[in-house]
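There are 4 protein chains.
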Amino acid sequence: MLIGRNCRFFGRVGSYLVKPLACLFISSSTMAKSKFEYVRNFETDDTCLRNCYIVVRLDGRNFHKFAEQHNFTKPNDNRALGLMTRSACSVMEELEDIIIAYGQSDEFSFVFKRTSNWFKRRASKFMTHVASQFSSSYVFYWKEFFGEQPLLYPPGFDGRVVLYPSNRNLRDYLSWRQADCHINNLYNTVFWTLVQRGGLTPAQAQERLKGTFAADKNEILFSEFDINYNNESLLHRKGTALIWEKQDETVTKRMKLPNEEEKDVQVTRSRKKVQAYHCDIIGDQFWEEHPDILEDDNC
Amino acid sequence: MLIGRNCRFFGRVGSYLVKPLACLFISSSTMAKSKFEYVRNFETDDTCLRNCYIVVRLDGRNFHKFAEQHNFTKPNDNRALGLMTRSACSVMEELEDIIIAYGQSDEFSFVFKRTSNWFKRRASKFMTHVASQFSSSYVFYWKEFFGEQPLLYPPGFDGRVVLYPSNRNLRDYLSWRQADCHINNLYNTVFWTLVQRGGLTPAQAQERLKGTFAADKNEILFSEFDINYNNESLLHRKGTALIWEKQDETVTKRMKLPNEEEKDVQVTRSRKKVQAYHCDIIGDQFWEEHPDILEDDNC
Amino acid sequence: MLIGRNCRFFGRVGSYLVKPLACLFISSSTMAKSKFEYVRNFETDDTCLRNCYIVVRLDGRNFHKFAEQHNFTKPNDNRALGLMTRSACSVMEELEDIIIAYGQSDEFSFVFKRTSNWFKRRASKFMTHVASQFSSSYVFYWKEFFGEQPLLYPPGFDGRVVLYPSNRNLRDYLSWRQADCHINNLYNTVFWTLVQRGGLTPAQAQERLKGTFAADKNEILFSEFDINYNNESLLHRKGTALIWEKQDETVTKRMKLPNEEEKDVQVTRSRKKVQAYHCDIIGDQFWEEHPDILEDDNC
Amino acid sequence: MLIGRNCRFFGRVGSYLVKPLACLFISSSTMAKSKFEYVRNFETDDTCLRNCYIVVRLDGRNFHKFAEQHNFTKPNDNRALGLMTRSACSVMEELEDIIIAYGQSDEFSFVFKRTSNWFKRRASKFMTHVASQFSSSYVFYWKEFFGEQPLLYPPGFDGRVVLYPSNRNLRDYLSWRQADCHINNLYNTVFWTLVQRGGLTPAQAQERLKGTFAADKNEILFSEFDINYNNESLLHRKGTALIWEKQDETVTKRMKLPNEEEKDVQVTRSRKKVQAYHCDIIGDQFWEEHPDILEDDNC
Chain Z
1 MLIGRNCRFF GRVGSYLVKP LACLFISSST MAKSKFEYVR NFETDDTCLR NCYIVVRLDG
61 RNFHKFAEQH NFTKPNDNRA LGLMTRSACS VMEELEDIII AYGQSDEFSF VFKRTSNWFK
121 RRASKFMTHV ASQFSSSYVF YWKEFFGEQP LLYPPGFDGR VVLYPSNRNL RDYLSWRQAD
181 CHINNLYNTV FWTLVQRGGL TPAQAQERLK GTFAADKNEI LFSEFDINYN NESLLHRKGT
241 ALIWEKQDET VTKRMKLPNE EEKDVQVTRS RKKVQAYHCD IIGDQFWEEH PDILEDDNC
Chain W
1 MLIGRNCRFF GRVGSYLVKP LACLFISSST MAKSKFEYVR NFETDDTCLR NCYIVVRLDG
61 RNFHKFAEQH NFTKPNDNRA LGLMTRSACS VMEELEDIII AYGQSDEFSF VFKRTSNWFK
121 RRASKFMTHV ASQFSSSYVF YWKEFFGEQP LLYPPGFDGR VVLYPSNRNL RDYLSWRQAD
181 CHINNLYNTV FWTLVQRGGL TPAQAQERLK GTFAADKNEI LFSEFDINYN NESLLHRKGT
241 ALIWEKQDET VTKRMKLPNE EEKDVQVTRS RKKVQAYHCD IIGDQFWEEH PDILEDDNC
Chain L
1 MLIGRNCRFF GRVGSYLVKP LACLFISSST MAKSKFEYVR NFETDDTCLR NCYIVVRLDG
61 RNFHKFAEQH NFTKPNDNRA LGLMTRSACS VMEELEDIII AYGQSDEFSF VFKRTSNWFK
121 RRASKFMTHV ASQFSSSYVF YWKEFFGEQP LLYPPGFDGR VVLYPSNRNL RDYLSWRQAD
181 CHINNLYNTV FWTLVQRGGL TPAQAQERLK GTFAADKNEI LFSEFDINYN NESLLHRKGT
241 ALIWEKQDET VTKRMKLPNE EEKDVQVTRS RKKVQAYHCD IIGDQFWEEH PDILEDDNC
Chain Y
1 MLIGRNCRFF GRVGSYLVKP LACLFISSST MAKSKFEYVR NFETDDTCLR NCYIVVRLDG
61 RNFHKFAEQH NFTKPNDNRA LGLMTRSACS VMEELEDIII AYGQSDEFSF VFKRTSNWFK
121 RRASKFMTHV ASQFSSSYVF YWKEFFGEQP LLYPPGFDGR VVLYPSNRNL RDYLSWRQAD
181 CHINNLYNTV FWTLVQRGGL TPAQAQERLK GTFAADKNEI LFSEFDINYN NESLLHRKGT
241 ALIWEKQDET VTKRMKLPNE EEKDVQVTRS RKKVQAYHCD IIGDQFWEEH PDILEDDNC
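Chains as they are written, first to last, in my numbering: chain Z, 1 to 299; chain W, 1 to 299; chain L, 1 to 299; chain Y, 1 to 299.
None of these hints come from the bench; they were simulated from the model.
Do not rely on the hints blindly, as some may be mistaken.
[Claimed, not checked] Some chain Y residues judged to face chain Z by a derived CB distance under 10 angstroms, without partners named: (1) Tyr38; (2) Val39; (3) Asn41; (4) Phe42; (5) Thr44; (6) Asp45; (7) Asp46; (8) Thr47; (9) Leu49; (10) Asn51.
[Said to hold, decoys possible] The calculated SDA-like cross-link candidates involving lysine to any residue, where the alpha carbons are at most 25 angstroms apart (straight line), are: (11) Z:Lys113 <-> W:Asp46; (12) Z:Lys33 <-> W:Asn76; (13) L:Lys272 <-> Y:Asn62; (14) W:Lys33 <-> Z:Asn188; (15) Y:Lys246 <-> Y:Thr115; (16) Z:Lys120 <-> W:Asp106; (17) Z:Lys120 <-> W:Phe63.
Even for Gly, the Cβ is constructed at its ideal location relative to N, Cα and C.
Just chain Z, with the same shape it has in the complex (with noise of 0.2 angstroms):
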């Protein structure tokens, strides 16, 4: 029915109304579209467990090799790492319902709030937009922290969703990945001082490290380097937390006045921003101090 009309335009040649190929194409490609539509129903239903913290960590992929060839400094880049942060902050205000993130190396986690419905907690969306938004901003903000070095290819990260039912299980979430960050920093602090400081090859510095205890490592840094762990930089040995902090701004508007003049008027008008913190977040005293973050378990 339709295509007969569509001939009368392209279809004549000579006197003859021929029925082209391209005609049919085209109205069976618009009917087609119903006819294909039965696939949609092999989507899944991914929704995450209502009343459930929303955790998505990204990993970096082969971010060994990538660091590597992009000459990051060992043990730890500060600009590779304020990049992390950079686009852990992206990610963050663009997306919603993030209460707080965790990042270390080259991992970032984000915690959605428990009773957030975005997306109606359809999983592959969290994790997508994450890893997505993450990304590009890696690439995007790539100059801001290392200005001309050029980033050879575009970099991966995978992610994952993982629930968490009640506060407890969020934090101790958040403390493994930070007792993670503790232990691989005073690991990689250790074998990278005695390679750059203490002449040893790698190999020479896998081997002496291995059996030993956190006291040991702190011991070689000390008594061999005069290095006190704990003086090292927080950045390091505590990771990136982000959290949302009001702030007020002072900001000055044109107001008019009774006697019809206008005046500037200074206001001071509060706004959330992303805040960076370095600090121990496994004990309470975190938590305390900024209540705000975690939800009643027993809503």
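Assemble the complex: chain Z is given as a structure, and chains W, L and Y must be docked to it using the hints.
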């Protein structure tokens, strides 16, 4: 305050070596990790059902606004389409087991082979890797397509995973997307022709097209603007299918001859490359010409 | 034809021992098993999220018809309710980690403790075990409640699993079911009173109750039939909650005295038994009186 | 608002209008229901992927002990196998869309057609309905197979759902179960022959069979006990496959003749019935003889 050093300095009492609290803390941090590690058990298994095609579809987030802000030409911006395709190529080359990708407008679908065991078929790995690699590539290659026009902010793409058990289902999925491409492009072509050449406002153009069928739209284009829709660009009408193709490459190799002399020799070798097609993928022809894309159903 | 024997008897050709096809088949069957075992990988992991209450709710299948065919009294049949409760007790006693069950009409909900690790928390195990044990018990104990009235055919119950992350959520779930019990029982009580004592046809009774609120229904009962709904049976108004309670049992044990004589001694020991309650479980009183049912949220 | 009215009836004490607790409760209970109904949103969607066979497999719970307690004959008890098959028939007749079932020992698998839309393909509905109907049938039909021997307690079966995307996968699943039947039955046949006729203790029999292959077991049976395993019962060696078959039934109908007389007429009509097979279902023959069981892959 915490560590090794403390032990030497604050930890000695008389001739006794005391393990001070501070030391305990450090090791408790190490030990704490295992105490917290139970949170790993909250991760759920999202393995994709075996012997099904795994499709990841990406969609641009707020791309209507993004297109406005970056002055995309209407109804199609070839720079933007080129950048989408370039990013999709990057995904195919970086990730494993993608047999075909299909894109149009601000979306791209990636099909992983049904027998893929990449990352143990974990859905989250597939979708976040695709979303991440695509997004970082989009920013990375921006300049190649938009030259000096700056990218104003890092864009976002969301993704989802859908499984298709049979070749018929998979082809119907791709047909669904290409039929969607056709319907949208026909509409947009007429709409913007009415606005750009017909002098209608967007509201008037929308009103004019309300309730029209494909045939009506073709007629408007032909009778009023002398445009035969079927002569419009295949890229716009059919979208872009990316597949792997073997290509012969001739390279020059230096070889040692029996008489110990060396000589440059032309060697032909076969390499797989991503190839773009702008053609119908709904009918059988494309699939008959590329019989290696799909695996047999009954495997 | 297939095996060992065949080889000795049918497998000889002249003096040669031939391994006939039949023999091959047997071993191929054994080997085949490993060849087929890949199908195991199609099973998906359905582990329930940790630290959440696991609720299994059963509903009778076509119980309207079942009640008709077995002459259940209206609006409530105490034999049928007793059989439901007896079957639910069987489920609690046979399966592990059920802390409370609540039933009304032809449904029963079973709550597993949030820290349960029964069958590794696999949802399918929980719901099929409950559905199976309940159903076999229903037939097994039929006679205890219906005496000589025969069960006409094996009844069916369907089940589902729902997770609740907090005590509040779990209590609200149980409140939801008890509120449902109240609403249905009030309706049914008025409906059948209008029919049985008021002489209305079912259609007339339905019409009469259309759009009425709880208060209206109470008024009908009171003013027309002198029934105070609040004096009606608690079993019908509140349903049945089953919990574990410690009970002291006095048993007689034969003990040896110092002088080698033996003597019967009364010993009191504590045993956990399933106890039924027909009371309000929406308010706090029930939970305050049984503080051991729920575990702390913040675990 | 609702309450006042009740109070008129139940609440008057002298001339005072008292708002009694009972009144409060009733209306609050009604309102409460909607307040609690949010808990419904914690249910997750467990829809089975389209175009895949849905298999539910049941396994007896603690059937080793159950068999002991009910004196099942070894290695096979035909009454118990008959009861399993009778219960499976009940499942096929009561539930919808089951195309084939296969059972052996204390397990039974039910295959739903790939295009089934029963209960919107919700996995929990499939597995709990099967587990429930099978279990209630097992108790219901016990007497038919065990006569006066009493059933000591209600037995339990657990179930699971597995999806198979292709005919090959489904047939391999069924082959896996039949190969398992063969391996177990051969083992059990030899084991119990060694015990019952060879006078070995169970421990000795187990020791004797350690490390033996199928051929070895056949040889023991033949050379020591003159048993040709291939002459053993097909029911035991092959298990039981249940399928639907059309059967012609001749029924007598009373018809009115043109001359107004009535007459009994024999009418043949076709009806689908469940038919049991004890034969090989690993090879092609069974499937070629019953081409209607499986649907085409490419649908």
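Check each numbered hint against the structure and report the violated ones by number, ascending.
-> The structure conflicts with no hint, since it agrees with every one listed earlier.
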